[in-house]
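**Q** Spelled out from the first residue to the last, the chains are:
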Amino acid sequence: MQGYAYVGAMGVLIVVLYAYITHLYTKKKNADGLDYEKYSDMALNDDISDVPVAPVADKSDGKKK
Amino acid sequence: MENRPLEYDYTVAKWFMFAAIALGIVGMTIGVFIAFELAFPSLNLVFGQGLAEYTNFSRLRPLHTDAVAFGFTVSGIFATWYYVGQRVLKVSMAESKFLMFIGKLQFVLYILTVVAIVVSLFMGYTTSKEYAEFEWPVDIAIVVIWVLWGVSIFGLIGIRREKSLYISVWYYIATFLGVAMLYLFNNMEIPTYFASGGHGDWFHSVSAYAGTNDATVQWWYGHNAVAFVFTVPIIAMIYYFLPKESGQAIYSYKLSLLSFWGLMFVYLWCGGHHLLFSTVPDWIQTMGSVFSIVLILPSWGSAINMLLTLKGEWQQVASSPLIKFLLLASTFYMFSTLEGPVQAVKSVNAIAHFTDWIPGHVHDGTLGWVGFMIIASALHMTPRIFKREIYSKGLMTAQFWIQTLGIVFYFTSMWIAGITQGMMWRSHDEYGNLAYSFMDTVNVLHPYYTLRGIGGFLFLTGLFMWAYNIIKSASARPVEESELQSASPMGA
Amino acid sequence: MFHWLEKNPFLFAVGVFLTVAFAGVVSILPSFAQTSRPVIGTTPYSTLELAGRQVYIKNSCNACHSQLVRPFKAETDRYGHYSLSGEYAYDRPFLWGSKRTGPDLMRVGNYRTTEWHENHMMNPAAIVPNSIMPGYAWMFKNIADIDTAYAEQLTVAGVFGVPYNKPVPMADGSTKTIKMGKTVEDARALALAEAKLVAADMKNQDVKDMVKNGKIPEIVALIAYLNSLK
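Chains as they are written, first to last, in this note's numbering: chain B, 1360 to 1424; chain G, 497 to 988; chain E, 3 to 232.
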């Protein structure tokens, strides 16, 4: 019983891991053109007057706290 | 916001930075003192027989570990959060009176709790669990402080301008959640005064777990306190300060995300490696051992990512002492995340456990990685917080080399001491009797204990130079006109 | 598919928490009941022993002394039989320690006497030349906190069902009953009676006088605890 749960859990985790890797590395070519490397700029251009990498469109749209 | 342009407000960051400096000096001074007590036991009585109860090794040892872990390091984490958090979310603390109040309240409560901890540990109130020595009233105060920090994190996130969360924020959130979970479960304790209907000392409590279970929970906590206090938030720092100071984008942002999830998943399994050959079930021990090896992958993922960030910019290492600190910190991170798994291998652990190799390992992680990162972060923040250039670059360079030498003294002496003692404990003579008495193994350690004390003293000296440099920067340098970009300006 | 992660802090936090908690759920919970059963012959601590245990904790003896004998020949030769899980059933908190600056104390009661401890705690280097252990002279003056030990007994008996005032099976088939006072005065009297037995083997006249006058110094409680470690 534990053995099956273990193998099953491993399988699921492996699938999730590879899906995530694929997601990270193919996203750039997709239509919405999201490039993860762009996020590095969040540290480099972090003055309060700099343009955000991906701005929050409307600040009051009920973000979870 | 009307007339003056909006600026980041570093008030709380500044307060916590000074707390880190003060508590770092206190904690490490005690550390150097108790290191020499081991080498020269007469120091236990140096303040006289009357005070001996409060100055002997055993009473001071928890004070040392807690002062550096929860004083120096946690202040450093809070300071950098109140600095980095604003910047990468592109929102100023000045924009929310509420968050400003929470931040200041958190600081005040934090200082009061530190005082309570110092007094109660001196008096001998301790639960005996390592890194969780505090009795229940202090635990409650700590939970309150932690919740306030959570409000601050998610509050600042709630009013952010930058939609995506930068990797450092990921790590800060993980720190918040991880420590909250670990701390609560490990400190399940029952105040005996109330449970017994009003007998004895009201400060005293008894653990909710017994024996082997208590040990399992404690080292699940103990190991992961290392994860979520000494690793996760420090990675948050390096992912911000190294790219920022060097002006280089992270080598691979994707790798940083993968390492994050890897670290989160794998770290928590490793507690069992503190309990190898104990009475904890075998499979927990084996899990601890195996996952410790796996842990090398995400750890090195982050570390290599950092080193590669400097690709093509290696001249900065030579020219900037700040980059030197950052680079050596990631190197020590790689080093101790390799050393740890090696110690977690069962056959190595059989020799290493209970010896000085363990404090040696802890210290090359904490001094080399955590210490250097907090030192570097504070030096990077100083010119921005005070709008002044750093007082002396020469002093920084000198500090770097003195402290590096100190760490090398520390871990080399403890390696030799630990392996020597471990081998002597287990050796038999030709008739199958034990070859050495316990005292033989203590006598042989004296020179190494002395060397370790000297190493600690060198590091402490550097810490004083650091404090002096920052205080001088804040007072003696002219105010800079413009907001600074990447590399921190330094005076000669 | 994973895009929401970096944009939605709440779901992100839930994800991190699940990832982090997973290991704890799998590795800690299942073994709880199994490992907490006492082995035959393990008895709860008496009031005086428990007070001594609190002295041990107060002075962080566990910072330098382990209470865990690992199953190696070198360790069983030096310290006695290797540790069994059930032997710790009444240890709240556990005191395994993580560093042996001094030797293991798991079974110190088997090979050290009251008198040895008395002299050693006052000035270790006088008994063990070159010892780096500090002296604990104040334990001969400070009064042990019997009331808190009693409170702890009441707590563990009430909350965790530790068998005080009940027969506990011993290895030879007999039973042994560890007494706990009904009232706090009762508990003090029990502790004092036990302290008198310890003090009878001691040489220090001040300590003997204190016990005669109904006061129990910390050292007496500590020695009672150390003698119980077998």
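It cannot be assumed that every hint is accurate.
[Said to hold, decoys possible] Straight line, CA to CA, 20 Å or less: simulated EDC-like cross-link-like pairs of lysine to aspartate or glutamate: (1) G:Lys659 with B:Glu1396; (2) E:Lys75 with G:Asp936; (3) E:Lys205 with E:Glu117; (4) E:Lys178 with E:Glu196; (5) G:Lys750 with B:Asp1406; (6) G:Lys659 with B:Asp1406; (7) G:Lys659 with B:Asp1405; (8) E:Lys101 with G:Asp936.
Simulated from the structure, these hints should not be mistaken for laboratory data.
Bear in mind the structure is a predicted one, so any value in this text is a computation, not a measurement.
**Q** Now tell me if each hint is right for this structure.
**A** Hints versus structure:
no. : hint                    : in the structure
1   : G:Lys659 with B:Glu1396 : holds, 15 Å
2   : E:Lys75 with G:Asp936   : holds, 19 Å
3   : E:Lys205 with E:Glu117  : holds, 7 Å
4   : E:Lys178 with E:Glu196  : holds, 16 Å
5   : G:Lys750 with B:Asp1406 : violated, 24 Å
6   : G:Lys659 with B:Asp1406 : holds, 15 Å
7   : G:Lys659 with B:Asp1405 : holds, 13 Å
8   : E:Lys101 with G:Asp936  : holds, 17 Å
This entry does not satisfy hint 5, going by the numbered hints stated previously; all others are met.
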